[in-house]
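Line by line, the protein sequences give chains W and H. To convert, note that position 70 of the first sequence is 70 in UniProt numbering; the numbers rise steadily by one, no gaps. To convert, note that position 172 of the second sequence is 172 in UniProt numbering; the numbers rise steadily by one, no gaps.
Just so you know, these hints were derived from the structure itself, not from any lab. Keep in mind that this is a model prediction, so the values were computed, not measured. Among the clues, some could well be false.
Taking CB as the label site, the calculated pair distances span [to be verified]:
no.	chain 1	residue 1	chain 2	residue 2	range
1	H	ARG383	W	ILE81	44 to 52 Å
2	W	ASP67	H	ASP461	39 to 47 Å
3	W	PHE152	H	THR18	43 to 51 Å
Some but not every residue of chain W turned toward chain H, in silico, with C-beta under 10 Å [claimed, not checked]:
no.	residue
4	LEU29
5	LEU56
6	PRO66
7	PHE72
8	LEU84
9	LEU92
10	GLY98
11	PRO101
12	LEU129
13	CYS133
14	PRO144
The beta-carbon is built from N, C-alpha and C at its ideal position, and this holds for glycine as well.
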Amino acid sequence: MVLRRPKDLYSGVLFLIIGAGTLALSGGLPFGTARSMGPGYFPTVLGCLLCVLALLQVVKSFFGAPDPIDPFNVATARAAIGVLGGTVLFGLLVRQAGLAPTLLITTLISALGLRGFGVKPAVVLALVLSVGCSIIFVQLLGLPVPILGSLFDGQD
Amino acid sequence: MDLLANLALGFSEALTSTNLFYCFIGCLLGTLIGVLPGLGPPATIAMLLPMTFTLEPSSSLIMLAGIYYGAQYGGSTTAILVNLPGESSSVVTALDGYQMARNGKAGLALSTAALASFAAGSIATLVIAAAAPLLAAFALEFHAPDYFALMVLGLIASVVLAQGSVLKALSMIIFGLIVGIVGTDVTTGVSRMTLGRAELIDGVSIVAVAMGIFGLGEIMQNLTHGDEGRSSYRAQLNSLLPSWQDLRQMAAPIARGTGLGTILGILPGGGALLSSFTAYAMEKKLASDPTRFGRGAIEGVAAPEAANNAGAQTSLIPLLTLGLPSNVIAALMAGAMIIQGIQPGPNVIIEQPTLFWGLIASMWIGNVMLVILNLPLIGLWVRLLTIPYKLLFPAILAFCAIGVFSLSFSTFDIWVMVVFGAFGYLFRRLDCEPAPFLLGMVLGPMMEENLRRAMLLSRGDPLVFLQRPISATLLLLALVAVVMVSLPAIRKQRDQALEE
Numbered sequence: 001m002v003l004r005r006p007k008d009l010y011s012g013v014l015f016l017i018i019g020a021g022t023l024a025l026s027g028g029l030p031f032g033t034a035r036s037m038g039p040g041y042f043p044t045v046l047g048c049l050l051c052v053l054a055l056l057q058v059v060k061s062f063f064g065a066p067d068p069i070d071p072f073n074v075a076t077a078r079a080a081i082g083v084l085g086g087t088v089l090f091g092l093l094v095r096q097a098g099l100a101p102t103l104l105i106t107t108l109i110s111a112l113g114l115r116g117f118g119v120k121p122a123v124v125l126a127l128v129l130s131v132g133c134s135i136i137f138v139q140l141l142g143l144p145v146p147i148l149g150s151l152f153d154g155q156d
Numbered sequence: 001m002d003l004l005a006n007l008a009l010g011f012s013e014a015l016t017s018t019n020l021f022y023c024f025i026g027c028l029l030g031t032l033i034g035v036l037p038g039l040g041p042p043a044t045i046a047m048l049l050p051m052t053f054t055l056e057p058s059s060s061l062i063m064l065a066g067i068y069y070g071a072q073y074g075g076s077t078t079a080i081l082v083n084l085p086g087e088s089s090s091v092v093t094a095l096d097g098y099q100m101a102r103n104g105k106a107g108l109a110l111s112t113a114a115l116a117s118f119a120a121g122s123i124a125t126l127v128i129a130a131a132a133p134l135l136a137a138f139a140l141e142f143h144a145p146d147y148f149a150l151m152v153l154g155l156i157a158s159v160v161l162a163q164g165s166v167l168k169a170l171s172m173i174i175f176g177l178i179v180g181i182v183g184t185d186v187t188t189g190v191s192r193m194t195l196g197r198a199e200l201i202d203g204v205s206i207v208a209v210a211m212g213i214f215g216l217g218e219i220m221q222n223l224t225h226g227d228e229g230r231s232s233y234r235a236q237l238n239s240l241l242p243s244w245q246d247l248r249q250m251a252a253p254i255a256r257g258t259g260l261g262t263i264l265g266i267l268p269g270g271g272a273l274l275s276s277f278t279a280y281a282m283e284k285k286l287a288s289d290p291t292r293f294g295r296g297a298i299e300g301v302a303a304p305e306a307a308n309n310a311g312a313q314t315s316l317i318p319l320l321t322l323g324l325p326s327n328v329i330a331a332l333m334a335g336a337m338i339i340q341g342i343q344p345g346p347n348v349i350i351e352q353p354t355l356f357w358g359l360i361a362s363m364w365i366g367n368v369m370l371v372i373l374n375l376p377l378i379g380l381w382v383r384l385l386t387i388p389y390k391l392l393f394p395a396i397l398a399f400c401a402i403g404v405f406s407l408s409f410s411t412f413d414i415w416v417m418v419v420f421g422a423f424g425y426l427f428r429r430l431d432c433e434p435a436p437f438l439l440g441m442v443l444g445p446m447m448e449e450n451l452r453r454a455m456l457l458s459r460g461d462p463l464v465f466l467q468r469p470i471s472a473t474l475l476l477l478a479l480v481a482v483v484m485v486s487l488p489a490i491r492k493q494r495d496q497a498l499e500e
């Protein structure tokens, strides 16, 4: 047995986890009958179907034409950390810190997503986005988010 | 005569200065975002959707339609000028359009795309106006089993059109259905799979999911694909106006593309993608010298652009008449309608004729605006294309975050976007196309409800799906489609057609 199609294996495992998770989460719900389906009927059927399809993919990954996966490397990790990390920080900060400081930090973090972005362009872009979005979204479109949040209240 | 009266009603609604203004803003913003490389119409619509929430129902739908056409046209511009199709349906346009641009005919290619889109859009609008009331009346014949069967057909059709593995596309659909039914069970009021979060009782926000998958997911994909996301615009823009001979050369392909697109667009799961591929293939077959294709043939731009626009428009027919979104764009439109308190379906045309006909009229006005807007502004779009992706992606990220946050000012929506952004990226790397997932997510609750109702009425007898002629026909079509894509010979042909 040689793993020929790693992409099929990984997607199979991923779908298997999702299918099993669905079954676990909806297992406690009343199943009902075919005539009068309970809230657990449809999710259980879907969960089972997904598991079957997932297993087929796992089996298939050992047969057929070889199809290698693009390696997960530094570039992929950078992109994921920059984009997802930047967005998470936005969610954590926007209420307390306000839009302008949040965007400043979010943009600097997202710039990490691309190798060789450079410090100077990142800082300039962060300033432009932070000021520009504050003006457009808060001042002009009336988005009810403070430009400077409660964190900065006592300081100036 | 009814048709004229209805259209008159529609135009009187769409031509108010407020609605005209929002239609214009929609087209402008849609084109502006759509031109940016790496952002297809779904991402554009998801990003701009929150802006329409505060408007009146008809203004918001009109603006949304404007955004859609703008995004589509913007995508074609990018495909022609820098060979970076933002979505699959403009892949075909890039084939000959980019070659025309390299031959120094960028202006002609752009104006051909604009004229083809406009002509096709005008005809498709008339078709919708004529066909929608008939279909809406027919829709009253539709019962629970038929709705269920139609949704099955639509989902299967989205598998047929997805590139790559059928197994993966089916899995994506089922995953979508599962995410779609998270929240309160309509029939019993029980919370399902909410992980104890109060925010999930109303279900997972489709806009947050779409922004995660199409916004964040695409950014990560572009970043790791190295130079692909960056602009490389070099072509010179010369005269935009086509000559008399060019017009004569493009007339027949436009007519054929429009006809094909109008019909294929109505099919569930069809829409812009299938139409443009088929139209291109047909022109190549009909041409006296097929070798010109791929080297800058004007027919290769005119026919797919016409088909693409006609198909995009008629793909809204199932949504407007049956309440069933047949592709991702229609799904997002359905989401917007529900947020506005309108349940899409046959009742819209009866209960809210002003809104319905206003939307149809604004489709045509949107097409006019695109032509007017794009001919003078093309220089601006070209300038936009010279911005490197490096400077664009942090801005796109910021817009996505602000957009999702403004949905309901809950940070929970941001977490949803992050989770599905990660999923979207992972799935792309594993060759799982995200479009069937989103369609499944929208159809999930409707599918379950109709399945339950059908089974309740038939007293638990699953044969009811085969006894009703409508549902039996639809299920048969779905079965044929599954068998066809599974057969190795046809599969190969499909993959070739989708790749070509």
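Going through the hints against the structure:
1. H/ARG383 with W/ILE81: 44 to 52 Å: violated (32 Å)
2. W/ASP67 with H/ASP461: 39 to 47 Å: holds (44 Å)
3. W/PHE152 with H/THR18: 43 to 51 Å: violated (38 Å)
4. LEU29: holds (6 Å)
5. LEU56: holds (6 Å)
6. PRO66: Since the shortest Cβ distance to chain H is 14 Å, the answer is violated.
7. PHE72: With Cβ-Cβ at 8 Å, under 10 Å, it holds.
8. LEU84: Holds, about 5 Å.
9. LEU92: holds (8 Å)
10. GLY98: violated (12 Å)
11. PRO101: W/PRO101 check fails; min Cβ-Cβ to chain H is 13 Å, beyond 10 Å.
12. LEU129: holds (5 Å)
13. CYS133: holds (6 Å)
14. PRO144: holds (7 Å)
The earlier numbered hints that this structure contradicts are 1, 3, 6, 10, 11.
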